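The listed protein sequences correspond, in order, to chains A and B. At position 253 of the first sequence (counting the first as 1) the number is 252 in numbering that gives the first Met the number 0, and the numbers step up by one without a gap. At position 285 of the second sequence (counting the first as 1) the number is 284 in numbering that gives the first Met the number 0, and the numbers step up by one without a gap.
One thing to keep in mind: the hints can contain errors.
[To be verified] Once the Cα atoms are required to be at most 20 Å apart in a straight line, the calculated SDA-like pairs of lysine to any residue come out as: (1) K244(A) - A69(B); (2) K308(B) - E254(B); (3) K244(A) - A243(B); (4) K308(B) - A237(B); (5) K80(B) - E238(B); (6) K211(B) - I252(A); (7) K80(B) - G243(A); (8) K211(B) - R173(B); (9) K244(A) - A181(B); (10) K244(A) - L82(B); (11) K1(B) - A181(B); (12) K239(B) - V307(B); (13) K244(A) - S235(B); (14) K54(B) - L82(B); (15) K54(B) - R72(B); (16) K54(B) - L39(B); (17) K244(A) - D252(B); (18) K211(B) - R245(A); (19) K1(B) - R245(A); (20) K244(A) - G50(B); (21) K240(B) - R299(B); (22) K244(A) - K80(B); (23) K293(B) - E19(A); (24) K244(A) - E238(B); (25) K43(A) - V65(A); (26) K54(B) - A119(B); (27) K239(B) - F220(B); (28) K244(A) - E236(B).
[As the list claims (entries may be wrong)] Rough simulated footprint, nothing fancy, chain B against chain A, three-plus residues with beta-carbon under 8 Å: (29) 96 to 104; (30) 150 to 161.
Read the hints as simulated data drawn from the structure, not as lab findings. In this text, all values refer to a predicted model and were calculated from it rather than measured experimentally. For each residue, glycine too, the CB sits at the ideal point set by N, CA and C.
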Amino acid sequence: MAILADKNTRLIVQGITGREGDFHARQMHAYSPGILVGGVTPGKGGMKTDYGVPVFDTVGQAVRAVGADTSVIYVPARFAPDAIMEAADAGIKLIVCITEGIPVQDMIRVRAYLDARGTTLIGPNCPGLITPGQAKIGIIPYNIVMPGNVGLVSRSGTLTYEVIHALTQNGMGQSTCVGIGGDPVHGLDFIDVIKLFNEDPQTEKIVMIGEIGGSDEERAAAYIRDHVKKPVAGFIAGRAAPPGKRMGHAGAIIEGGMGTAAGKVAAMQAAGIRVADLPTQIPELLRP
Amino acid sequence: MKLHEYQSKQIFGRHGVPVPQGIVAETPQAARQAAEQIGLPVVIKSQVLVGGRGKAGGVKVARTLDEVEAKTRDILNLTIKGLPVRRVLVDPAADIRGEIYLGIVIDRVSRRAVMMTSAAGGVDIEEVAATTPEKIVRTPIDPFVGLPDYLARDVAAQIDLPRELWPNFINIARGLAAAFAANDASLAEINPLAVVGRAGGLPDTLMALDGKMVIDDNAIFRHPDLATLRDPDEDSEAEKKARASDLSYISLDGEIGCMVNGAGLAMATMDIIQYYGGQPANFLDVGGGAKADKVAAALRIILSDPKVKVVLFNIFGGITRCDEVARGIVTALQEVKPQAPMVARLVGTNQEEGNRILAEARMITADSLAEAAQKAVALSR
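Work out the full structure: start from the sequences and follow the hints.
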């Protein structure tokens, strides 16, 4: 068991012949060749990649021809909202959007469109997810993961890798690692993923990596306090960030005194979460 | 991207929101001419992209043309929160009888644009939100429908607006919602939306006496008209250079320059520097792969800050080959020739080879982020 993706996932890559899509499709194929069943690039349907994956013009064709149920999106920001809606309309159940820079008003419409269809979205502007040993969907490096029982959810990219790396170096494998992305309007949030980890028998411990801005971490902390018995450790990036300055991610900004690192750490500690001062301290906080 | 008051009010005006017929002036003489055209008295308002202009002396009423010139001269000499005042907006003075707050923001929790309205306008709305949240009416806007009349009418009733002003208010609320949607705004605000008395026995009316808009930077590509409105004063020189190189850079007050791939890791790197007693000089996300040209551009920007005593590289390569990243960094160092010491920590494929290449280029290497941060903090002393 794991969450969201495993060896039975039937994955397509939207934008599989683009520069980013091509690079990462090869990585996904290298790690979990069994799950990658197709790709979509409008205008290039009918070809096959040199590593043997069929390319379709539309997501609908891919669903009918190879039974795709999951899609990962690498198309540029101005085309990504259309790509997400296309996947949802074709019946894809889980959409992972790696693309960054999608206008927020587009994401509001896209999220409402998906909610009406019951489609699950991860991202955009996220590293995707990986179930070690089974399924790599997105850009999380496979050479730092190891199968195990720690479930990890994070708003960041490379900071997530830092923590996964520390876990693996300390012999703590992962059930699934999920990067939910830092945009103001996105798909699954901390609570959704933590709920899945809480119900997953393979996941024994949970790690939550947040950052300044918004109130997602505070709401997740309240959920953990009320519903989660498994041990949870966490880290919040941005203690040294001054208010009013947007730190790269569209969501990472302290506004009107809200969303500070101190407020998030306090809320997490009050919920019984062990909060690390440094991301590399996470493994020791997970030891009983 | 923030817009100035005069730019925001022009946009609101195009969407049917009544705004004062003001004129922008860059000299005291031009302000005098504007006031002659508008008619006295007038309000002279500094156009800078920060709040608190009134408290800083950047908004003044003038009753004579000489006063207009003198007060404009004073305001144009001001620097408000570090920003020079380069122009003023000359607006006709209004007979203000009441002040409403009307704003639209993106609400992350409900994933909607939300209109916020309060009868307690004119003051800092964040203060109202913090102390008396019940005085703010929150109205989620359907992304496919927009703001229908009945919702605007309901808001007017909730804030106890006199019935005579309801049609006026509905037009303004719908105009603001349309301006927000049409321009990909992340904020559109009228504060105050004033109840204004009129001469000649005409009934009171509503007018947007101030305006503020923030445009979603991710959507600028489809608004070439708005892109030209960007005020170069919004960013520092270094931030402008970073934008041109497609880097995310924020200058801070410390001595340790930071070059990191990824925004979250860049923040965490700043945190770790602070944890070990140092102060970061900047936030910088050099992006994926840390390619030579980007590293060189980033290094120049970091070193343009005279406070920087040491630079810390934290590159989590993952699958990216560290020997390639290291060669990129060395190429950038040969180009920029920095004097400050450089500490580097690389993780990823071939990281030993990467570290060897960096050490040959006389960089200080570290195996862990903690070790790298401690070395950088020691060198900054």
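* To do: Starting from K211(B), check that the Cα of R245(A) is at most 20 Å away, please.
  => holds, 18 Å
* Asked: Between K211(B) and R173(B), does the CA-CA distance stay at or below 20 Å?
  -> It holds: about 16 Å lies between the C-alpha atoms, which stays within 20 Å.
* Asked: Is the Cα-Cα distance between K54(B) and R72(B) 20 Å or less?
  -> The hint holds at about 17 Å.
* Taking 20 Å as the top limit, are the C-alpha atoms of K211(B) and I252(A) close enough? -> Distance ~19 Å between K211(B) and I252(A) Cα, so the pair holds.
* To do: For the pair supplied as a hint, K244(A) and A181(B), confirm whether the alpha-carbon distance does not exceed 20 Å.
  => violated, 26 Å
* Given the hinted pair K308(B) and A237(B), is their alpha-carbon gap at most 20 Å? -> holds, 17 Å
* **Given pair status - G50(B), K244(A), alpha carbons within 20 Å** => holds, 15 Å
* To do: Take a quick look at whether K1(B) and A181(B) sit within 20 Å of each other, Cα to Cα.
  => holds, 16 Å
* Agreement of K54(B) and L82(B) with the hint, judged by alpha carbon distance not exceeding 20 Å -> holds, 15 Å
* **Agreement of K239(B) and F220(B) with the hint, judged by alpha carbon distance not exceeding 20 Å** => holds, 17 Å
* Asked: How about the segment 150 to 161 of chain A: do at least three of its residues have a C-beta closer than 8 Å to a C-beta of chain B?
  -> Coverage by chain B holds for the segment 150 to 161 of chain A (9 residues, Cβ < 8 Å).
* For the pair supplied as a hint, K244(A) and E236(B), is the alpha-carbon distance within the 20 Å limit? -> Between K244(A) and E236(B) the Cα gap is close to 16 Å, so the pair holds against 20 Å.
The structure fails to meet hints 1, 9, 16 from the earlier list, while all remaining hints are met.
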